[in-house]
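Residue-level listing of the chains:
Protein chains: 2
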Amino acid sequence: MSQGSGNTPPKRPLTLRDVSEASGVSEMTVSRVLRNRGDVSESTRAKVLEAARELGYVPNKIAGALASSRVNLVAVIIPSMSNMVFPEVMTGINDVLEETELQPVVGITNYKPEREEAVLYQMLSWRPSGVIIAGLEHTEAAKAMLGAAGIPIVEIMDTDGEPIDSAVGISHRRAGRKMAQAIIDAGYKRIGFLGTKMPLDHRARKRFEGFTEVLAKAKLEIADSEFYSGGSALKKGREMTEAILKRNEENPLDFLYYSNDMIGAGGLMYCLDNGIDVPGQIGLAGFNGIEFLDGLPRKLATMDACRLEIGRAAAEIIAKRVETPDAPGGEVVTLEPSLAYGDTLKRKKKPI
Amino acid sequence: MSQGSGNTPPKRPLTLRDVSEASGVSEMTVSRVLRNRGDVSESTRAKVLEAARELGYVPNKIAGALASSRVNLVAVIIPSMSNMVFPEVMTGINDVLEETELQPVVGITNYKPEREEAVLYQMLSWRPSGVIIAGLEHTEAAKAMLGAAGIPIVEIMDTDGEPIDSAVGISHRRAGRKMAQAIIDAGYKRIGFLGTKMPLDHRARKRFEGFTEVLAKAKLEIADSEFYSGGSALKKGREMTEAILKRNEENPLDFLYYSNDMIGAGGLMYCLDNGIDVPGQIGLAGFNGIEFLDGLPRKLATMDACRLEIGRAAAEIIAKRVETPDAPGGEVVTLEPSLAYGDTLKRKKKPI
DNA sequence: ACGCGGTATGTTATCGCTAAAAAATTTGAT
DNA sequence: ATCAAATTTTTTAGCGATAACATACCGCGT
Numbered sequence: 001m002s003q004g005s006g007n008t009p010p011k012r013p014l015t016l017r018d019v020s021e022a023s024g025v026s027e028m029t030v031s032r033v034l035r036n037r038g039d040v041s042e043s044t045r046a047k048v049l050e051a052a053r054e055l056g057y058v059p060n061k062i063a064g065a066l067a068s069s070r071v072n073l074v075a076v077i078i079p080s081m082s083n084m085v086f087p088e089v090m091t092g093i094n095d096v097l098e099e100t101e102l103q104p105v106v107g108i109t110n111y112k113p114e115r116e117e118a119v120l121y122q123m124l125s126w127r128p129s130g131v132i133i134a135g136l137e138h139t140e141a142a143k144a145m146l147g148a149a150g151i152p153i154v155e156i157m158d159t160d161g162e163p164i165d166s167a168v169g170i171s172h173r174r175a176g177r178k179m180a181q182a183i184i185d186a187g188y189k190r191i192g193f194l195g196t197k198m199p200l201d202h203r204a205r206k207r208f209e210g211f212t213e214v215l216a217k218a219k220l221e222i223a224d225s226e227f228y229s230g231g232s233a234l235k236k237g238r239e240m241t242e243a244i245l246k247r248n249e250e251n252p253l254d255f256l257y258y259s260n261d262m263i264g265a266g267g268l269m270y271c272l273d274n275g276i277d278v279p280g281q282i283g284l285a286g287f288n289g290i291e292f293l294d295g296l297p298r299k300l301a302t303m304d305a306c307r308l309e310i311g312r313a314a315a316e317i318i319a320k321r322v323e324t325p326d327a328p329g330g331e332v333v334t335l336e337p338s339l340a341y342g343d344t345l346k347r348k349k350k351p352i
Numbered sequence: 001m002s003q004g005s006g007n008t009p010p011k012r013p014l015t016l017r018d019v020s021e022a023s024g025v026s027e028m029t030v031s032r033v034l035r036n037r038g039d040v041s042e043s044t045r046a047k048v049l050e051a052a053r054e055l056g057y058v059p060n061k062i063a064g065a066l067a068s069s070r071v072n073l074v075a076v077i078i079p080s081m082s083n084m085v086f087p088e089v090m091t092g093i094n095d096v097l098e099e100t101e102l103q104p105v106v107g108i109t110n111y112k113p114e115r116e117e118a119v120l121y122q123m124l125s126w127r128p129s130g131v132i133i134a135g136l137e138h139t140e141a142a143k144a145m146l147g148a149a150g151i152p153i154v155e156i157m158d159t160d161g162e163p164i165d166s167a168v169g170i171s172h173r174r175a176g177r178k179m180a181q182a183i184i185d186a187g188y189k190r191i192g193f194l195g196t197k198m199p200l201d202h203r204a205r206k207r208f209e210g211f212t213e214v215l216a217k218a219k220l221e222i223a224d225s226e227f228y229s230g231g232s233a234l235k236k237g238r239e240m241t242e243a244i245l246k247r248n249e250e251n252p253l254d255f256l257y258y259s260n261d262m263i264g265a266g267g268l269m270y271c272l273d274n275g276i277d278v279p280g281q282i283g284l285a286g287f288n289g290i291e292f293l294d295g296l297p298r299k300l301a302t303m304d305a306c307r308l309e310i311g312r313a314a315a316e317i318i319a320k321r322v323e324t325p326d327a328p329g330g331e332v333v334t335l336e337p338s339l340a341y342g343d344t345l346k347r348k349k350k351p352i
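Residue numbers (full-length UniProt numbering), protein chains in the order written: chain S, 1 to 352; chain F, 1 to 352.
Simulated from the structure, these hints should not be mistaken for lab results. From a predicted model like this one, the values you see are computed outputs, not experimental measurements. For each residue, glycine too, the CB sits at the ideal point set by N, CA and C. It cannot be assumed that every hint is accurate.
[Said to hold, decoys possible] Dumping the calculated DSSO-like pairs for lysine-lysine here, alpha-carbon to alpha-carbon at most 30 Å:
(1) Lys235(F) / Lys235(S)
(2) Lys235(S) / Lys178(F)
(3) Lys112(F) / Lys299(S)
(4) Lys320(S) / Lys219(S)
(5) Lys320(S) / Lys112(F)
[Said to hold, decoys possible] Cβ pair distances, simulated, as ranges:
(6) Gly280(F) / Thr334(S): 37 to 45 Å
(7) Leu49(F) / Glu213(S): 25 to 33 Å
(8) Glu99(F) / Asn274(S): 24 to 32 Å
(9) Gly161(S) / Ala340(F): 52 to 60 Å
[Stated by the list, open to error] Computed footprint of chain S on chain F, listed as stretches where at least three residues anywhere in the stretch have a Cβ under 8 Å from a Cβ of chain S:
(10) 49-62
(11) 87-96
(12) 104-111
(13) 233-241
(14) 256-269
(15) 329-343
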């Protein structure tokens with residue numbers, strides 16, 4: 001009779017049985033009501049819901065998942081949270097999963113392969129319904145786990161390589177090539193490169209490779225380069241730009257290619273502050289298409305990495321595969337990064 | 001005899017029993033080996049590990065959690081992922097939890113109370129070991145759930161109010177007051193405010209309240225204000241600054257207080273581009289202390305919101321409480337936001 | 001040989017829920 | 001009324017692990 005009106009914090013956690021007793025039906029029926037499954041008469045449904053609400057019952061998904069062997073989690077494994085790009089991917093993933101009953105669980109690897117392996121193991125031990133993981137490069141053990149997991153795997157950001165299952169991303173090599181071509185077409189000759197030291201950022205590396213490849217075809221090569229790690233990227237961009245320009249004063253560079261927009265923006269500010277004519281005297285370009293470039297005094301040339309879109313597409317693949325478990329899989333979505341010339345990269349010269 | 005060398009992806013998912021059979025010991029012993037609990041002889045330990053590795057067995061935490069009623073998840077509920085501040089809080093949380101066996105699970109509310117309630121319900125149904133949730137304002141239902149969950153709860157970002165259990169943050173009222181005082185002390189009189197429209201951002205509201213309160217004591221009030229929503233904050237800051245300055249040309253403002261650094265930076269750039277003397281003709285200040293301010297041509301005055309530190313402290317509270325379950329709880333950590341004058345806010349005038 | 005204090009392993013009984021099958025109830029056509 | 005068909009509800013068995021207890025084993029002093 002006395003169920004208490006939910007004011008006293010219960011010492012023993014509530015279970016289906018409590019709701020069952022409070023509403024006078026079997027546990028199974030309560031379970032059905034709470035999951036909206038199977039036919040339940042309107043009257044018992046109301047009774048049960050009322051009792052559950054009254055008690056403040058929250059179903060135990062651990063038990064539910066074990067019993068039904070259905071886990072509505074999607075493991076998301078990304079290198080970092082602190083550089084704007086992955087939060088945005090996350091936003092895309094969230095937007096899509098919000099509409100489903102799937103829920104993302106995030107693991108951070110800090111760009112360390114062994115950390116990735118450990119995080120993946122942790123994640124898989126929750127038996128998620130799918131995995132979204134950044135990059136195509138993983139340890140052998142990680143690849144084995146992913147291959148054997150028997151769930152949809154989507155490798156994101158990059159499509160230059162062999163995916164384990166599905167992949168969504170852009171070709172970073174192509175992005176590098178495209179940018180190089182635009183720079184060459186605009187007539188720049190002495191090109192400097194500025195980027196991170198991080199040797200494990202495969203995507204930056206691939207962009208660089210594509211970039212130099214096209215340069216080489218035009219009988220050009222990187223005239224000088226500068227690398228950084230840690231710290232405020234904007235400030236670093238400024239400092240590196242100063243350093244590389246000063247170092248090449250007697251034979252000045254006419255273009256600077258930055259491996260991301262933050263350092264690019266720093267470089268742009270340095271140029272503006274020092275009265276350097278952009279893009280006349282020197283051209284600049286970054287990578288990522290981060291939103292705030294819009295507010296800069298001059299718009300930095302960049303290439304959109306389609307971050308939000310990648311997140312959405314990856315989540316959609318997982319969602320679809322969860323709905324139709326025997327669909328084929330292996331889908332590869334290559335998004336086309338669009339080049340934004342902005343105000344720091346001259347347009348192609350008129351064909352002669 | 002033939003266990004297969006793990007090359008064939010098994011149709012039936014692996015369980016303890018498989019490892020048990022492969023290694024010729026009981027499931028319990030396998031479990032003990034895999035968790036490093038209890039005494040197991042070196043020889044069987046080796047046998048078991050070898051078998052597990054060979055098979056590619058990954059333990060099922062769902063089952064483990066149910067059996068042991070220990071779930072090493074920490075629910076983290078935040079409003080958004082897209083504005084720099086929460087990713088940084090997440091980084092702090094991650095840094096600390098990485099050292100423990102706890103794992104964060106993130107839910108995004110998009111600043112919507114009803115969404116928060118739903119996300120919280122989802123999260124609690126995983127029976128996490130703790131909850132870290134942004135803000136002190138929640139729906140009644142959400143408060144009830146948090147109160148009844150029987151696990152450590154840490155409300156973060158804000159300490160102006162009554163926490164349910166523990167709290168880590170800064171006093172946004174105090175932050176507003178402090179900034180107002182600094183502005184008054186510097187001798188500014190006609191102050192404009194620029195912020196987001198978001199009526200549900202309680203922390204921005206509290207800063208505003210503290211700010212106007214101190215202004216009122218000095219017989220001052222906000223001379224004009226401007227609000228925005230959506231879009232590139234940097235660009236909006238620029239536009240809003242232009243608008244508010246133009247609108248007050250005949251009786252010009254001498255200070256602009258921005259509710260975040262992004263729009264503040266936009267405003268700063270507008271001023272610099274238009275040859276406005278900062279901080280002589282007009283002073284500027286933002287809020288957050290985001291890293292990239294370092295790279296701006298002039299350093300915006302701001303107040304650090306201690307984001308990383310908040311994340312760490314919150315995670316530490318949870319970790320400690322998980323270790324010592326009968327510790328008291330109710331800990332409130334109020335961090336002191338430090339005022340950075342930068343180059344856009346004059347120092348206090350010498351006392352007369 | 002006996003029994004003692006260990007350590008090393010195995011057994012049994014849940015954990016809280018859901019799938020599947022069985023039972024009870026209602027409906028409806030004759 | 002009557003019985004088959006349809007609907008609603010209950011019962012029975014796990015899901016894959018772990019806690020707690022039970023047993024087997026080992027060396028060793030007497």
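Tested hints:
no. : hint                              : in the structure
1   : Lys235(F) / Lys235(S)             : 20 Å, holds
2   : Lys235(S) / Lys178(F)             : 28 Å, holds
3   : Lys112(F) / Lys299(S)             : 34 Å, violated
4   : Lys320(S) / Lys219(S)             : 47 Å, violated
5   : Lys320(S) / Lys112(F)             : 27 Å, holds
6   : Gly280(F) / Thr334(S): 37 to 45 Å : 53 Å, violated
7   : Leu49(F) / Glu213(S): 25 to 33 Å  : 46 Å, violated
8   : Glu99(F) / Asn274(S): 24 to 32 Å  : 45 Å, violated
9   : Gly161(S) / Ala340(F): 52 to 60 Å : 44 Å, violated
10  : 49-62                             : holds (count 6)
11  : 87-96                             : holds (count 5)
12  : 104-111                           : holds (count 5)
13  : 233-241                           : holds (count 6)
14  : 256-269                           : holds (count 4)
15  : 329-343                           : violated (count 0)
Violated hints, listed in ascending order, are 3, 4, 6, 7, 8, 9, 15; each of the other numbered hints is respected by the structure.
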